[in-house]
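Undergrad: Protein sequences, first through last, are from chains A and B. The first sequence: position 197 = 197 (our numbering), numbered continuously. The second sequence: position 267 = 267 (our numbering), numbered continuously.
One or more hints might be untrue.
Result set (DSS-like, lysine-lysine): computed pairs, CA atoms no more than 27 Å apart in a straight line [to be verified]:
#1 K159/A <-> K211/B
#2 K159/A <-> K502/B
#3 K31/B <-> K189/B
These are computed hints drawn from the structure, not numbers from a lab. None of the values given here were measured: they were computed from a predicted structure.
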Amino acid sequence: MTIPVLIGATFLVFTIMHFAPGDPARIILGAGASEEALEAMRDQLGINDSFILRYGRFMLNLMKGDLGTSYRNGQPVTGLILGRLGNTLYLAISGILFAIIVGIPVGIISAIKQYSTLDNVTMFITLFVTAMPTFWLALILVIVFSVNLGWFPASGMAKGFPGFLVSLVLPTLTLGCGFAALIARTTRSSVLDVVRQEYIDLARAKGLPERTVIWKHMMKNALIPIITVIGLNFGVLLGGSVLTESIFSWPGVGRFVVESISFKDTPAILGCVVTLAILFTLVNLIVDLLYAFLDPRIKSQYRTSRGDN
Amino acid sequence: MKKFEFLLKTAAVLAAALLMGQSPVWAAELKDTIVFCQGNDLTTMDISIGMQERACALTNNMFDSLFTFDKDMNVIPDLAESYKWLDDRTLEVKIRKGVKFHNGSEMTAEDVVFTMDHINERGSLFAGNYEKTDITGDNTVAIRLKSPNPPLVNLLAVPYAAVLPKAVYVADPAGFARKPIGTGPYKLKEFQEGDYYTLERFDDYWKTPAKTQYLTLRIVPETAQRIILLETGEVDVSYEIPGSSVARIKGDTKLQVITRDSMKIITLSLNCGSKGPLGNANVRRAIQKAIDKQTIVDSFLYGYGKVSNSIIPSSAKEFAEQENYKFDVEEAKKLMKEAGYENGFSTTIWTDSNQTNTEIAQALQAQLAQIDIDLSIVVQDPNTTFSRLTAGDDFDMILDFFNLVSAHADQVYKRLLYSTSTSNWSNYKNPEYDKAYDKYSGTVEGPERDALRAVVNNFFVEDVPVISIYNETKIIGAGAGLEGFITSPIGSHEYQEATVKKN
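Just need the whole structure built from these sequences, with the hints factored in.
TA: Following this line, the structure appears as structure tokens:
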């Protein structure tokens, strides 16, 4: 699946960038540059060639693992992205971890105590959080925790320990809150589906402790839809990192895309799209493998289909 | 016994400190790093390429030009020791001795010749009017022009005319943007594109070395964040503060607001070549009269801007105000009637998505409705505007600006209306104007030049190809402890003398 997705995504972005107005040579040289200087710069960048030629050249280089050189500073795009990818992954992973650690327990408690006051209150809060715009949430967090309490820096990525972790907190909360709410709601409905099954009654009747009933019998069956939601939303999370990284001046791939768009730096934008697309397909692969691990029925499906071949 | 010894030593140190006056105590209270932030990342650190304000805001601290501006925007020699015009097209410059680049090598006449040739290749500064530069003596060069150009020293004072180290630049022109070497008060220490740039004091600086050891630029795209970072003390100086936020910063005793009239004029370019109503000079005059600039400044800029009744910023050389640029709706209506458009017409304005600009476009929409002009607003990226212009798309009005970095009127007259200028967005093609400009531009300073300048300026007054709306005010937020910071009308603010007191 990765290859068709990559071809589709790059072709789409390449076409948009090709037909979007704006001249990278002018952006690099600034207003007031002479026509000769602009023309020389366009030749140097290779943007005078035809669309097909440029796209073909891009795809050929991509197969060699070369994403081209940035219009903006002549540096290899691969290096520029790799320098930022780690920062985006730290943020995305800590966002997901936060969402899972908060979302799943909240969902389980809500389901087990269905219709209790606790359930109603948490479900109201999760609905509220899901509906909150990221931008607004980020600013509220900054005002409360940076300006008033002074616990965390308002923006930027600090270096070293524990500065880095401290500066990671607010972006993580911004990125992870909506996601946590979504996981909580999915977990709740998924657990509710399972909680009334007979084997749960049986497990309880066997005299198993409640913890074992919940984690071993209930969750293992309820996890499939939750993992699907997590996998699918990883893409949304990567997209959300564009906004979060911009607000918190976090030097990741999301910020880089925004900057590159303002410079009309086509190689850099395409590089980011390719990187994010690869990440997304990788996460989906991991999700598929997790299904097999969680549900023996799916594992056996894999086995039979392989046997058929 | 040990304790006694310790006490004695402490007393001795204290006494010494007292004898030496307050300085050690005072020095200890200053921060060793000044952090400033702006919204957009640099285009490049190669100062000869990154001519934009956002690039020079940093690189200005690493480079010096032959000339520079003093606090009142007068040109003074900088890396040049002195200069004189040998004739009306040859400028002789004596270069300062003993100036060192960050790599330790000494600046020579060779470097200056290389820089001038390089600037000419880049195009914009000399605009084709460059013959060559030769070394004429011990540390003296002669810059030769094809035709006379008195504002040359102003042009050579802009930050991007900085003197480059020939050997370093020639060895790796593309790499210079990542390892810039200049003669300025700060040298590059480390950076992460799009995030931060840290400079370190250059101890061998030819003037007094900078007072603060490190200078860091942080890129913070969100305006709200730039203000919050000031409040939390994470940054010491914050650029590009909107007028609407000034009251909030002023309300905080730990902060201060620094303002200064800039060299930037917000303009409305009218398509003089239009086959529609805007091709009619009376219509353009009517539009000029119908715009209430004061209301725009008061309502959308919270008073932080200056109504501009001239196409030239008031602090620039050869500035002239125009009386008849004033707001008068009745007069505007009369002009519309004369042009045969008493029932009005529909037209469009192009603007970018900057909030202030779209608000101004809306204000213009309301104001022009008074003379029955139905204005529709088209919001598009500046690059789109430029591409559409070069592609020859039809247009009516464009809300735009220019930043007069040379602080000399000549540059405006050339760029805005000269028929071959790429910045002639008014589509103004008038051989009479070109002739008048050539004559003015080629005349040495004196009464004759002033008279010729008035002739050139009159084309703006009579034909109204460009309307100046207001002169932008630079608004900078800073911690109350900032001292010695020099605000520049062209955005290349200086930190050489700047210090920040610790809270």
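Undergrad: Now tell me, hint by hint, if it's right for this structure.
TA: Comparing the hints with the structure gives:
In summary, the hint linking K159/A to K211/B is supported, as the alpha carbons are separated by about 26 Å, within the 27 Å threshold. Our distance criterion of 27 Å between C-alpha atoms is met by K159/A and K502/B, whose separation comes to about 22 Å. Annotation: proposed proximity of K31/B to K189/B holds, straight-line Cα distance about 18 Å (limit 27 Å).
Of the numbered hints given earlier, the model fails none.
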